[in-house]
Amino acid sequence: AQSVTQPDIHITVSEGASLELRCNYSYGATPYLFWYVQSPGQGLQLLLKYFSGDTLVQGIKGFEAEFKRSQSSFNLRKPSVHWSDAAEYFCAVGAQNDYKLSFGAGTTVTVRA
Amino acid sequence: DVKVTQSSRYLVKRTGEKVFLECVQDMDHENMFWYRQDPGLGLRLIYFSYDVKMKEKGDIPEGYSVSREKKERFSLILESASTNQTSMYLCATYRGLAGQSSYNEQFFGPGTRLTVL
Numbered sequence: 001a002q003s004v005t006q007p008d009i010h011i012t013v014s015e016g017a018s019l020e021l022r023c024n025y026s027y028g029a030t031p032y033l034f035w036y037v038q039s040p041g042q043g044l045q046l047l048l049k050y051f052s053g054d055t056l057v058q059g060i061k062g063f064e065a066e067f068k069r070s071q072s073s074f075n076l077r078k079p080s081v082h083w084s085d086a087a088e089y090f091c092a093v094g095a096q097n098d099y100k101l102s103f104g105a106g107t108t109v110t111v112r113a
Numbered sequence: 001d002v003k004v005t006q007s008s009r010y011l012v013k014r015t016g017e018k019v020f021l022e023c024v025q026d027m028d029h030e031n032m033f034w035y036r037q038d039p040g041l042g043l044r045l046i047y048f049s050y051d052v053k054m055k056e057k058g059d060i061p062e063g064y065s066v067s068r069e070k071k072e073r074f075s076l077i078l079e080s081a082s083t084n085q086t087s088m089y090l091c092a093t094y095r096g097l098a099g100q101s102s103y104n105e106q107f108f109g110p111g112t113r114l115t116v117l
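Top line first, the protein sequences correspond to chains A and B.
Under my numbering, think of the first position of the first sequence as 1, with each following residue one higher.
Under my numbering, think of the first position of the second sequence as 1, with each following residue one higher.
Keep in mind the hints are simulated off the structure, nothing from the lab.
Glycine is no exception: its CB is placed at the ideal position from the N, C-alpha and C atoms.
Errors might be hidden in some of the hints.
A partial selection of chain A residues facing chain B, derived with a Cβ cut-off under 8 Å [stated by the list, open to error]:
#: 1; residue: Leu-44
#: 2; residue: Lys-49
#: 3; residue: Tyr-99
#: 4; residue: Phe-103
Straight-line alpha carbon distances no greater than 20 Å define the calculated SDA-like cross-link-like pairs of lysine to any residue that follow [what the hints assert, rightly or not]:
#: 5; chain 1: B; residue 1: Lys-55; chain 2: A; residue 2: Asn-97
#: 6; chain 1: B; residue 1: Lys-57; chain 2: A; residue 2: Lys-61
#: 7; chain 1: B; residue 1: Lys-3; chain 2: A; residue 2: Gln-2
#: 8; chain 1: A; residue 1: Lys-100; chain 2: B; residue 2: Ile-60
#: 9; chain 1: A; residue 1: Lys-100; chain 2: B; residue 2: Ser-7
#: 10; chain 1: A; residue 1: Lys-100; chain 2: B; residue 2: Met-54
#: 11; chain 1: A; residue 1: Lys-100; chain 2: B; residue 2: Lys-55
#: 12; chain 1: A; residue 1: Lys-68; chain 2: A; residue 2: Ala-95
#: 13; chain 1: A; residue 1: Lys-100; chain 2: B; residue 2: Arg-44
#: 14; chain 1: B; residue 1: Lys-55; chain 2: A; residue 2: Phe-51
#: 15; chain 1: A; residue 1: Lys-100; chain 2: B; residue 2: Tyr-50
#: 16; chain 1: A; residue 1: Lys-100; chain 2: B; residue 2: Glu-17
#: 17; chain 1: A; residue 1: Lys-100; chain 2: B; residue 2: Tyr-94
#: 18; chain 1: A; residue 1: Lys-61; chain 2: B; residue 2: Asp-59
#: 19; chain 1: A; residue 1: Lys-49; chain 2: A; residue 2: Ala-29
#: 20; chain 1: A; residue 1: Lys-100; chain 2: B; residue 2: His-29
#: 21; chain 1: A; residue 1: Lys-100; chain 2: B; residue 2: Asn-84
#: 22; chain 1: A; residue 1: Lys-100; chain 2: B; residue 2: Ser-8
#: 23; chain 1: A; residue 1: Lys-49; chain 2: B; residue 2: Arg-95
#: 24; chain 1: A; residue 1: Lys-100; chain 2: B; residue 2: Tyr-10
#: 25; chain 1: A; residue 1: Lys-49; chain 2: B; residue 2: Gly-42
#: 26; chain 1: A; residue 1: Lys-49; chain 2: B; residue 2: Asn-104
#: 27; chain 1: B; residue 1: Lys-57; chain 2: A; residue 2: Gly-41
#: 28; chain 1: B; residue 1: Lys-3; chain 2: A; residue 2: Pro-40
#: 29; chain 1: A; residue 1: Lys-100; chain 2: B; residue 2: Ser-75
#: 30; chain 1: A; residue 1: Lys-100; chain 2: B; residue 2: Leu-41
#: 31; chain 1: B; residue 1: Lys-3; chain 2: A; residue 2: Ile-60
#: 32; chain 1: B; residue 1: Lys-57; chain 2: A; residue 2: Asn-97
#: 33; chain 1: A; residue 1: Lys-100; chain 2: B; residue 2: Gly-96
#: 34; chain 1: A; residue 1: Lys-100; chain 2: B; residue 2: Val-116
#: 35; chain 1: B; residue 1: Lys-57; chain 2: A; residue 2: Asp-98
#: 36; chain 1: A; residue 1: Lys-100; chain 2: B; residue 2: Asp-59
#: 37; chain 1: A; residue 1: Lys-100; chain 2: B; residue 2: Glu-79
#: 38; chain 1: A; residue 1: Lys-100; chain 2: B; residue 2: Asn-104
#: 39; chain 1: B; residue 1: Lys-3; chain 2: A; residue 2: Gln-45
#: 40; chain 1: A; residue 1: Lys-100; chain 2: B; residue 2: Val-52
This is chain A alone, in the form it adopts within the complex (with noise of 0.2 Å):
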């Protein structure tokens, strides 16, 4: 079975920043790599997917990630952080062969101005 582990439980980080979030994973074959974010008071919502090809994946609102299968890592990682990307981020990985998601414990993303 798959597993995931978030280092980092708690990041703040400086309004204009840079933000890389850690997520390593376990998984015998080629993993489904998910980063989703949950806003206060929402639910999640995808900010990228990997399953094949490119190592360096593009996501929604300035985000990117980089698979390393040497590392078994899929660290997510932003520029610029705005005010607006204080909220916690969940990394998940999925099998092909599954419908699960194994989901990390989250890591909580403050932003200061």
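Once you have looked at the hints, place chain B on chain A.
Same frame as chain A, but now just chain B:
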């Protein structure tokens, strides 16, 4: 756009009460999920339904049941609510054939924050 709505944003119930959480989607998706979200634990799957009247247990089904009488509606039932079921409950839906891969995006409702006193 897919719209997933949940019947209540906030709910307060007493221990032992029977609780119904309802989820409705408007995009004719076959598959619907109920998750529970707790701090430090992320999302955990309670139940999954891939068709009307069809369901599968997720990772934490104990204390819960579900009902799917119509394609667009998926209900989560707490037969006898307990304080350890105080949590945020999220409904999600995705398009695809039952049992197939998680390729497609899941669409989430806004959640119901349930407090059991």
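Item to check | Satisfaction of the A/Leu-44 interface hint, Cβ to chain B closer than 8 Å | outcome: holds (4 Å)
Next on the checklist: With the threshold set at 20 Å, check whether the alpha-carbon distance from A/Lys-100 to B/Glu-17 stays at or below it.
Outcome noted: violated (30 Å)
Item to check | 20 Å limit on alpha-carbon distance, applied to hinted pair B/Lys-55 and A/Asn-97 | outcome: Holds, at roughly 18 Å.
Checklist entry - Does the structure keep A/Lys-100 and B/Ser-8 at a Cα separation of 20 Å or less? => result violated (25 Å)
Item to check | Restraint status (C-alpha distance of A/Lys-100 to B/Val-116 at most 20 Å) | outcome: Roughly 28 Å separates the two Cα atoms, so the pair is violated.
Checklist entry - Straight-line Cα separation of A/Lys-61 and B/Asp-59 no greater than 20 Å? => result Violated: A/Lys-61 and B/Asp-59 sit about 32 Å apart, past 20 Å.
Next on the checklist: Would the hint linking A/Lys-100 and B/Lys-55 be met if the CA-CA limit is 20 Å?
Outcome noted: Holds. A/Lys-100 to B/Lys-55 sits at ~13 Å (cutoff 20 Å).
Next on the checklist: B/Lys-57 and A/Gly-41 were given as a pair; does the straight-line alpha-carbon distance stay at or below 20 Å?
Outcome noted: Given that 20 Å is the threshold and the Cα spacing comes to 27 Å, the pair is violated.
Next on the checklist: Run the distance test for B/Lys-55 versus A/Phe-51: straight-line Cα separation, threshold 20 Å.
Outcome noted: Violated, because 27 Å separates the two Cα atoms, which is more than 20 Å.
Checklist entry - Does A/Pro-40 lie within 20 Å of B/Lys-3 when you go C-alpha to C-alpha? => result OK: B/Lys-3 and A/Pro-40 at ~18 Å, within 20 Å.
Item to check | Agreement of A/Lys-100 and B/Tyr-94 with the hint, judged by alpha carbon distance not exceeding 20 Å | outcome: Roughly 11 Å separates the two Cα atoms, so the pair holds.
Checklist entry - CA of B/Lys-57 to CA of A/Asp-98, is that 20 Å or under? => result holds (14 Å)
Hint compliance for this structure: hints 6, 7, 9, 14, 16, 18, 21, 22, 24, 27, 34 and 37 are broken, all remaining hints hold.
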